[in-house]
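Top to bottom, those sequences are chains L and F. Our numbering puts the first sequence at residues 1 to 471. Our numbering puts the second sequence at residues 472 to 926.
These are calculated hints, taken from the structure and not from any lab test. Treat the hints with care, as some may be off.
[Claimed, not checked] Once the Cα atoms are required to be at most 27 Å apart in a straight line, the calculated DSSO-like pairs of lysine-lysine come out as:
{"no.": "1", "chain 1": "L", "residue 1": "Lys-225", "chain 2": "F", "residue 2": "Lys-732"}
{"no.": "2", "chain 1": "L", "residue 1": "Lys-316", "chain 2": "L", "residue 2": "Lys-426"}
{"no.": "3", "chain 1": "L", "residue 1": "Lys-359", "chain 2": "L", "residue 2": "Lys-209"}
{"no.": "4", "chain 1": "L", "residue 1": "Lys-133", "chain 2": "F", "residue 2": "Lys-561"}
[Stated by the list, open to error] Anything over 12 Å on all C-beta distances counts as not near chain F; from chain L, calculated:
{"no.": "5", "residue": "Lys-19"}
{"no.": "6", "residue": "Asp-110"}
{"no.": "7", "residue": "Thr-215"}
{"no.": "8", "residue": "Glu-226"}
{"no.": "9", "residue": "Gly-309"}
{"no.": "10", "residue": "Lys-310"}
{"no.": "11", "residue": "Gly-317"}
{"no.": "12", "residue": "Val-320"}
Glycine residues also receive a C-beta, built at the ideal position from the N, C-alpha and C atoms.
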Amino acid sequence: MEKDYVLDLLHKAVDHGHKLGADFVEARYDDLTLTTINYTNEQVKESSTKQRRGIGIMTYINGSPGYSFTPILEADALKETTRRALGIAKSTESLLTFKHKYTDRPTIKDSIEYKVKIHPKDVEFEEKLEMLKRGVACAKEQVDTQSTIGLWGELWGNKLFVNSEQSEIYWTPLLFDLRFVAIAMTETTQARGFDGEGQSQGMEFFKLKGKDPETIGTNAGKYCKEQTEAVAAPGGKQRALVGPKMAGVLAHESFGHLSESDFVITGMSPISDRVGEQLGSEHATIIDEGISEYGGFFLPYDDQGTKTGKTVLMDKGMLVGYLHDRSTANKMNTETTGNSRAITFMYPSIPRMKNTYFKPGNLSIEESVEMVGDGIYAIGTSGGQAGLDGAFLFKCSRGFLIEKGEITSPIKDAALSGQILDFISKISGVGKEMDLFTSYFGGCGKGGQYPLPVGLGGPSIVVDEVLVGGE
Amino acid sequence: MVLEKLRSEILEVADLALKYAKDMSIQTAEAYIIKNSLTEVKYSKGKTECRDGMLQGIGIRVAEGKKVGFATCAGFAPDSIKSTLANAHKIAKNCPEDPRFSGFISESKPGKEGILDTNITELDSETLVGHLAGLVKETDIDDQRLVGADIEVGTQWGGFAVATTEGCLVSSLNTAHYGTVYSVAMGQGERSTAFDFKVGRTIQELSGLGTNAINKAFKHLGSKPLGESLKIPTIWEPLTASMLLSTTFQVGLDGGTVVEKQNPLMHKMNEQIATKDFQLNDDGTIPTKISSEAVDAEGTTIGKTEIVKDGVLKSFLFDNFYGPIFGTKSTGNAQRDEPTRYENIPSIAPNKLVLQPGTKNKDEQIAAYDKAIFIEGFPMGMGHSNMITGDFSITATNAYLVEKGEIVHPLKPVSIAGNFFESLIKIQHIGSDPVDLPFPLESSTLTIDDHTVSG
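Start from the sequences and build out the full structure, keeping to the hints where you can.
Right, dumping it as structure tokens:
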């Protein structure tokens with residue numbers, strides 16, 4: 001679709017919104033291509049391309065928001081979509097006490113084309129399938145597999161944004177995700193090993209040392225083999241070394257969501273009205289940023305046309321900020337942080353995270369393990385869950401016992417749970433190695449919008465106490 | 472009227488897609504078309520978020536011999552449909568052969584469609600906001616313990632059509648209305664959360680949801696630690712029990728993972744997997760259930776499948792790909808994942824698993840124990856369990872200590888460890904109190920022995 005044609009459509013929708021009485025209008029265009037290859041048991045289970053193209057219109061009248069969307073890229077359809085958005089905005093006006101108001105901003109005209117050496121769209125299907133085949137072959141060399149899965153996912157395209165301030169913003173999202181899973185039988189059960197890499201990068205990434213499909217596949221096989229020999233994790237309160245992947249999930253799921261300004265402004269978050277308080281240990285610094293030197297997801301603008309920056313949420317244990325959209329920033333008399341995001345044109349943007357991570361410290365892995373002494377090393381995770389009351393539970397899918405300052409036996413699946421503020425206050429050391437990643441298979445879920453690409457990660461973290469649910 | 476017009480439209484689009492396929496010399500194709508009106512209004516302490524729009528899209532599978540490609544697009548623009556066909560065709564041509572592929576379905580007779588409520592299609596946004604306003608009023612109480620309540624009401628109506636070059640052309644329509652309230656309470660520095668909801672194919676009576684959600688959150692304030700680790704019977708309210716069994720059977724009944732040798736129940740056909748009074752059927756024909764459709768996502772007629780009889784596993788669930796590989800037919804259980812459906816290839820999922828009720832209700836089950844743990848709400852971590860081994864370790868944030876047949880006090884979060892499949896054998900009571908829930912499986916209150924509870 002021609003960029004100028006779409007820009008014209010978006011401007012017309014904004015103008016039409018004003019004609020119908022809207023105070024402010026935002027028009028967003030997504031043109032995203034998603035490609036999936038699922039290579040299960042050495043058969044292509046799915047090979048697909050999805051074209052996600054359409055326009056979403058957000059209107060405001062007397063501070064009341066209303067959203068509608070359409071995949072029909074024609075002026076009449078846009079008029080109807082704008083009318084529908086404004087209609088629902090008017091309907092809820094009487095219930096509203098939080099009036100959406102934006103701080104004035106000058107017109108922004110920007111165009112950011114994310115450049116990589118080898119774009120995934122320029123690489124043929126056969127080459128991607130070959131990567132999956134090579135990774136699976138390596139996984140099978142490590143362990144007698146009962147079953148294997150190789151997954152390739154890529155997302156790229158164009159996003160355009162226009163609003164009542166006459167801003168015009170264009171940028172090009174990009175991410176890939178390569179994963180391998182190995183499954184083996186033991187005498188009593190099945191064991192599973194997983195490894196993967198998700199980044200906003202070009203295919204040249206796979207030429208980096210340790211990032212090639214062979215290494216990732218080998219890791220999946222090795223981790224599966226470990227699980228065939230795993231012992232039960234010790235239950236109860238344990239000292240723990242939490243690896244970068246698990247640390248990222250904790251930073252995102254348990255702390256990040258609590259800092260989202262819609263939860264904060266309504267008082268639903270337990271960290272509402274607590275800026276300036278020492279909520280964590282001096283080792284805990286948590287950051288959310290749009291474009292990170294550590295990798296993750298490339299996000300130059302949010303879906304309200306705000307340029308993303310670096311937002312420090314917790315600085316050495318002190319709560320210093322929240323994640324804002326334009327309305328909540330105005331209400332709380334602060335700068336917006338570029339955190340208004342929508343999964344597709346079919347949804348309104350809401351406060352969401354960008355790339356969220358614990359800031360690295362200065363411990364080596366050896367020093368961290370020694371600090372733990374006796375406890376567990378929680379490395380891989382199959383995800384988890386967190387509540388607005390601060391409770392969390394995350395599954396450790398790969399880990400080891402730490403005994404007398406040494407990494408010893410692999411452990412079976414274990415659940416790490418607790419209260420996030422309690423967890424953060426018990427961090428006693430932070431490693432120096434960073435891993436920030438994003439994902440195509442999975443992502444952030446909120447308000448029915450799943451999976452939104454985000455970045456998450458961190459260094460390894462030493463925590464003095466966490467509840468481990470083993471056997 | 473509106474729904475029948477929509478049916479005609481999606482059938483026409485499906486037919487048109489096949490016509491384009493023929494024009495493009497594509498021999499074998501399947502088109503899945505969906506059009507759904509979505510209206511939702513969310514409210515949190517005077518802040519609203521609203522969406523009103525029409526989801527529409529098409530997912531096309533093209534087969535070149537035994538090579539299959541899939542592509543999708545939003546909307547029904549002729550150029551988009553043609554380019555989607557071309558994409559799917561290109562993928563199919565480049566894809567390696569899958570010798571197991573046996574084609575798309577050739578003909579199908581639509582089954583029973585669920586109730587369609589025209590009051591939902593005619594509901595305007597002002598009336599829907601009125602439903603919201605009722606719940607806002609209910610949750611606007613003068614009680615300092617209440618931190619807040621998030622409320623959502625909405626409607627969905629529309630349908631999907633499936634057409635294949637083999638001669639299938641079918642559709643299914645649906646209507647839904649729902650309301651949810653999620654409340655947060657606080658007392659003596661301790662937070663408690665709870666929720667209540669209603670969803671159905673007709674206009675629902677939503678009043679009472681707000682009060683229930685708030686009272687549930689208040690009820691859990693003043694919790695005390697369990698302070699020990701026990702192997703003890705756990706009593707699961709219908710909602711929580713449904714979540715436990717849905718997780719178990721969504722994975723355990725997937726015939727696709729049986730074929731792919733990843734299913735924990737794959738060697739258990741005709742074996743005892745549950746207590747003898749455990750009777751489970753998959754029934755996609757119940758007219759009141761929001762999951763009921765006339766056909767599944769591949770166009771196969773939806774019916775009823777006996778899953779567990781007297782505790783013995785009688786069947787897995789299949790789609791049209793894995794059924795023939797296993798040596799059987801599709802059981803009408805192909806579904807496409809939410810929220811868009813058309814963007815996803817079919818996968819296997821239950822239509823509606825219905826557990827035959829037993830004899831004792833919740834209170835009678837609680838009264839039967841000297842010491843037990845009663846669990847409400849959504850425990851954390853269920854969906855992240857190891858479904859291959861079946862081992863789970865979850866955190867229940869709304870649990871209560873039962874002593875001498877009565878609930879004594881709420882508990883601070885407790886971890887509950889067990890095994891999904893062993894739990895089926897250790898069920899001590901199946902309740903007489905099933906609840907209508909939008910879950911793959913609807914259970915009544917369950918009591919299960921031998922879970923390890925710590926906190």
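Pair hint outcome, Lys-225 of chain L versus Lys-732 of chain F [Cα-Cα no greater than 27 Å]: Cα-Cα ~18 Å, so holds.
task: Test the statement that Asp-110 of chain L is away from the interface with chain F: the closest C-beta pair must be farther apart than 12 Å.
output: Its Cβ never comes within 12 Å of chain F, the nearest being 26 Å, so this holds.
- request: Given the hint that Lys-133 of chain L pairs with Lys-561 of chain F, test it: the Cα-Cα distance must not exceed 27 Å.
  value: At roughly 21 Å apart (the allowed maximum being 27 Å), Lys-561 of chain F and Lys-133 of chain L satisfy the hint.
message: For Thr-215 of chain L, is the shortest CB-to-CB distance to chain F above 12 Å, so the non-interface label stands?
response: 24 Å, holds
field: Minimum Cβ-Cβ distance from Lys-19 of chain L to chain F exceeds 12 Å
entry: The claim holds: Lys-19 of chain L sits with its nearest Cβ about 19 Å from chain F, beyond 12 Å.
- prompt: Is the hinted pair Lys-316 of chain L and Lys-426 of chain L satisfied, with a Cα-Cα distance of at most 27 Å?
  reply: Holds, because 12 Å separates the two Cα atoms, which is no more than 27 Å.
message: Over 12 Å from every CB of chain F: does Gly-309 of chain L meet that, or does the non-interface label fail?
response: Correct as stated: the minimum Cβ-Cβ distance to chain F is 25 Å, above 12 Å.
Consistency of the no-contact label for Val-320 of chain L, given chain F and a CB cut of 12 Å: 22 Å, holds
- prompt: Taking 27 Å as the top limit, are the C-alpha atoms of Lys-359 of chain L and Lys-209 of chain L close enough?
  reply: Given pair Lys-359 of chain L, Lys-209 of chain L holds - Cα atoms ~24 Å apart, limit 27 Å.
message: If we take the beta carbon of Lys-310 of chain L, is the closest beta carbon in chain F still more than 12 Å away?
response: 27 Å, holds
query: Closest CB-CB distance from Glu-226 of chain L to chain F, is it above 12 Å?
result: 14 Å, holds
task: Evaluate the condition: distance from the CB of Gly-317 of chain L to the nearest CB of chain F exceeds 12 Å.
output: For Gly-317 of chain L, whose nearest Cβ neighbour in chain F is about 19 Å away, the distance exceeds 12 Å, so it holds.
Every hint from the earlier list agrees with this structure, and none is contradicted.
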